[in-house]
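Asker: Residue numbers (this note's numbering), protein chains in the order written: chain A, 1 to 243; chain B, 1001 to 1320.
It should be emphasised that the hints constitute simulated quantities derived from the structure, not laboratory data. Note that beta-carbon positions come from the ideal geometry of N, C-alpha and C, so glycine has one too. One thing to keep in mind: the hints can contain errors.
[What the hints assert, rightly or not] Per label pair, the in silico range of CB-to-CB distance:
hint : chain 1 : residue 1 : chain 2 : residue 2 : range
1    : A       : Gly-239   : B       : Glu-1106  : 25 to 31 angstroms
2    : A       : Gly-141   : B       : Val-1291  : 52 to 58 angstroms
3    : B       : Ser-1294  : A       : Gly-141   : 57 to 63 angstroms
4    : B       : Ser-1054  : A       : Gln-140   : 57 to 63 angstroms
5    : A       : Arg-83    : B       : Glu-1222  : 32 to 38 angstroms
6    : B       : Ser-1137  : A       : Phe-99    : 44 to 50 angstroms
7    : A       : Pro-87    : B       : Asp-1229  : 44 to 50 angstroms
8    : A       : Pro-157   : B       : Pro-1088  : 18 to 24 angstroms
9    : A       : Pro-87    : B       : Gly-1130  : 52 to 58 angstroms
[As the list claims (entries may be wrong)] In silico negatives: residues of chain A with every beta carbon more than 10 angstroms from chain B:
hint : residue
10   : Pro-29
11   : Glu-35
12   : Ser-197
[What the hints assert, rightly or not] Which residues of chain A face chain B? A few of them, derived with a C-beta cut under 7 angstroms, are:
hint : residue
13   : Val-146
14   : Met-153
15   : Gly-154
16   : Arg-156
17   : Val-164
18   : Pro-167
19   : Leu-168
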Amino acid sequence: MSRLRGLTVPLVWLGLLLAACVGMDQLEPVFRWLEPSSRSVIYARADFLSLLGKHVLVVSVAGALSIIIGVGASIAVTRQWGRDFLPLVAQVAAIGQTFPPVAVLALAVPVLGFGTLPVIVALLLYGLLPIVRNTLAGLQGVSADVREAARGMGMRPHQRLWRVEMPLAASVIVAGIRTSVTISIATAAIGATMGASNLGDPIISGIVNGNTAHVLQGALLIALLALCVDSLFAWLQSGRSGL
Amino acid sequence: MIELKNLSRQFGEMWAVRDLNLTINKGEFCVLVGTSGCGKSTTLRMINRLIEHSAGEIHIDGQPVRGFREDLLRRRIGYVIQHVGLFPHWTVARNIGLVPRLLGWEPERIAARVDELMALLGMSAERFSGKYPRQLSGGQAQRVGVARALAADPEILLMDEPFGALDPLTRDGLQEELLSLHHRLNKTIVFVTHDMDEALRLADRLVVMHEGQIRQQGRPIELLREPVDEFVESLLGGNSRGLKEAALTPVAQRLCHAEMTSGVPDIDANKTLRDALSLMLWHRVDCLNVVEGSESLGTLRLADVVTARAPMGTTRGLSS
Ligand SMILES: Nc1ncnc2c1ncn2[C@@H]1O[C@H](COP(=O)(O)OP(=O)(O)OP(=O)(O)O)[C@@H](O)[C@H]1O
Ligand SMILES: [Mg+2]
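If we strip away everything but chain B, and leave its shape as in the complex, we get:
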């Protein structure tokens, strides 16, 4: 568990972060969003003490971070920096094995761990472990950056725009992998991004920051449905929030007709309402056959998508 209490950081006269209170539970995926310069990176870097806080407190599992020796603290916290920052003079394997080596693991154990991580991130150890960072594509380097952060099996992972500057497909794949990693390994993750779709997809807890302070935090769906002010509303997408919410809702959740309809396109039950809407628009139909694998589960109608009771009370609608 990470607790930030009245956390502040001043650079000269300017407060980069001011009086910030945030509790991130163990195993939670917390995403920080906000306009450029609002203090997201500063917040992240105060957690592993790359920047010292000017006021307030940071506790990890109840212990103040200032109580740890800096380098020992950082070895316990995985950190993925925005621009990857692999060491150009080291091979991929050596880069990944950095923190275990600092911790004094046996060479065999490090080698095994490196292979394990490369497999986890879908990179062939045989092909990549001997390569140098300059021989990697952007996406491959990002993966190595993530593998390096995971190497010593830290409880906490800090990720600062780790998938920036990637094409949508690679990005999508890495998000998918990160989500499944999170489910399997149950890490506490603090993640910074500018991409709202990415934030909504990944977050358990979404934190909207503005000028060094938290404007609103909560589950993505809560923020979409009940933004506290215009700023949060527009940051989350304004009028396109309907589609963003649809992208968070699985088709299975709105399936209420068990009978089959013939002659309409199939949609997988794991897909989202957004995919369903898109398919309907594309095929110019108003119902879809919901399937799971080869088994048919029933029919999804346009009316189910649009009118079914929203998971949350609709206290605040789309402005227009």
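In isolation and in its complexed conformation, chain A is listed as follows:
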């Protein structure tokens, strides 16, 4: 039961997020005070809920692909047969991290054009890095004694991976996914400049039209989404902190 009680915080953030999407109009006086001269103070070109939906969709698709590819590649290069590629993958993950996410997005446009696809690809690529780095660290962090014991007791390779290595690496891997997804939520907003419509829209159009209220509305929703997802991961990790 106490495990479920940990879900309270993410649910509170989720509640606030949905309330903000639906009831942004109620905050009109506040935004009016910020932007007394503007014609529209509440961003109305699209419904916040549908922007939120698209934002979540893009981040989820990119995140899921990053997890599958990142975790999969890390597992592969830590197996006997994939060892040769370990230094390469580890290096790319380390160097890739030094790239700012915006640069990744900017580079995706000339290759993939405008729209949702380049945003997904850019988020996917950038999101891979923390996942690969942490999965490698987690798998390599399993002590040599434990590995030796797993082999010595007669576990098969897949049993060693799924029953020993992955459970022991899980908390580090989840931490990597948490970083990756949190960065993606923020970075996806910049995708609005590339024609993907999401919670970045109010921010971009606010900047273009000099409307601070719109910028704030987008930023508020993105922040709430990030807090909600991040606290969800915090809850996931707390379940394993006993190790």
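Once you have looked at the hints, place chain B with the ligands on chain A.
Answerer: For chain B with the ligands alone, coordinates are given in the frame of chain A:
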């Protein structure tokens, strides 16, 4: 029976084990000793194929180990690794039950087996089975490591310095338990240690290795009395071999006076000559009353300890 024939293993240019020949009979307690890096662990790990041999042959009960599938072979051989290597995310009970689970035993049978093993190793199942390895002391973890190796009732047990890094008392207790386990269960045990007293106490067959080869093998008392060269002699303790031999000889074996002596300390007939000597030195006496339980068996004199015919011919004395 384990047979190693012309066994060799090369790492790069270096031979970790070279042309090693050793036969370990069923039910025998074989102890490998030697300086660090002489190839003891490598030899042990070639038996269950954690390391593949580069040349030579290993047969278990007449079958070459390469004929078995690796993981199936290992499930049949108990293995206790030096640093225990319990799975930190599993409870004690789950750790112990690992191999039976891999073998597909029924859950009830596994649970019963785990309880049985914990009782065997003197750990209360009620107190320990739900604990995680990080909640155990070093000695308790070592016991769990031994229990895990014994779980599927393997014929062969490989133990690589299983009692390293333990205090002498705990170590002594675990050696005692292992010996009685060996007597009761009649396993073939291959054991690696750096502690010569431990080796002499446990071994039926003592194997001295040096630079990947066997220098000498035989019963502990043979090696003590008749080392083939200076290396074996000094490894076995040089001038302290007298006391080491005394530690292997039970008091009962030298008891030749049935009459009682009053006013001297008692010694149990199961104790060793080393204990007897120590008692004599401590109490400044030259005879002891030998007892078994509450019954008195006779008198042990210092002269009996020192001069009685040694169990083996004394072809080579202490150097000095
Ligand atoms: N995987 C390996 N790769 C390269 N060299 C190795 C490997 N394993 C062992 N060796 C070398 O083989 C030699 C024998 O090693 P081994 O572990 O068998 O020694 P040991 O007798 O068990 O020593 P210790 O008593 O210190 O445990 C050593 O020189 C060691 O450096
Ligand atoms: Mg060793």
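Asker: Run every hint past the structure and note whether it holds.
Answerer: Verification of the hints:
The given range of 25 to 31 angstroms is respected by Gly-239/A and Glu-1106/B, whose C-beta atoms sit roughly 30 angstroms from each other. Remark: the range hint 52 to 58 angstroms for Gly-141/A to Val-1291/B is upheld by a beta-carbon distance near 57 angstroms. The hinted window of 57 to 63 angstroms between Ser-1294/B and Gly-141/A holds, with their beta carbons roughly 58 angstroms apart. A C-beta distance of roughly 28 angstroms is found between Ser-1054/B and Gln-140/A, which places it outside the suggested range of 57 to 63 angstroms.
At about 47 angstroms, the beta-carbon gap between Arg-83/A and Glu-1222/B misses the expected band of 32 to 38 angstroms. At about 49 angstroms, the beta-carbon gap between Ser-1137/B and Phe-99/A stays in the expected band of 44 to 50 angstroms. For the pair Pro-87/A and Asp-1229/B, the beta carbons lie near 47 angstroms from each other, so the given range of 44 to 50 angstroms is met. At roughly 20 angstroms, the beta-carbon separation of Pro-157/A and Pro-1088/B lies within the given 18 to 24 angstroms, and the hint holds.
Here the CB-CB span from Pro-87/A to Gly-1130/B is close to 42 angstroms, at odds with the stated 52 to 58 angstroms. For Pro-29/A, the non-interface assignment is confirmed: its Cβ lies about 54 angstroms from the closest Cβ of chain B, beyond the 10 angstroms cut-off. Every CB of chain B is more than 10 angstroms from the CB of Glu-35/A (nearest about 54 angstroms), matching its label as outside the interface. Taking the minimum C-beta to C-beta distance to chain B, about 44 angstroms, the non-interface status of Ser-197/A holds against the 10 angstroms cut.
Interface hint at Val-146/A: satisfied, since its Cβ lies 5 angstroms from the closest Cβ of chain B, which is below the 7 angstroms cut-off. Using the Cβ-Cβ criterion of 7 angstroms, the hint placing Met-153/A at the interface with chain B is satisfied: the shortest such distance is roughly 5 angstroms. Here the hint on Gly-154/A is kept, as its CB sits about 4 angstroms from the closest CB of chain B, short of 7 angstroms. At a threshold of 7 angstroms, the smallest CB-CB gap from Arg-156/A to chain B is about 5 angstroms, leaving the interface hint in force.
With a cut of 7 angstroms, the hint placing Val-164/A at the interface with chain B holds, because the nearest CB-to-CB distance is about 6 angstroms. Below 7 angstroms, beta-carbon pairs count as interface contacts, and Pro-167/A has one with chain B at about 5 angstroms; its hint therefore holds. Look at Leu-168/A: its Cβ gets to within about 6 angstroms of chain B, closer than 7 angstroms, so that hint holds up.
Hints 4, 5, 9, counting from the list given before, are not met by this structure.
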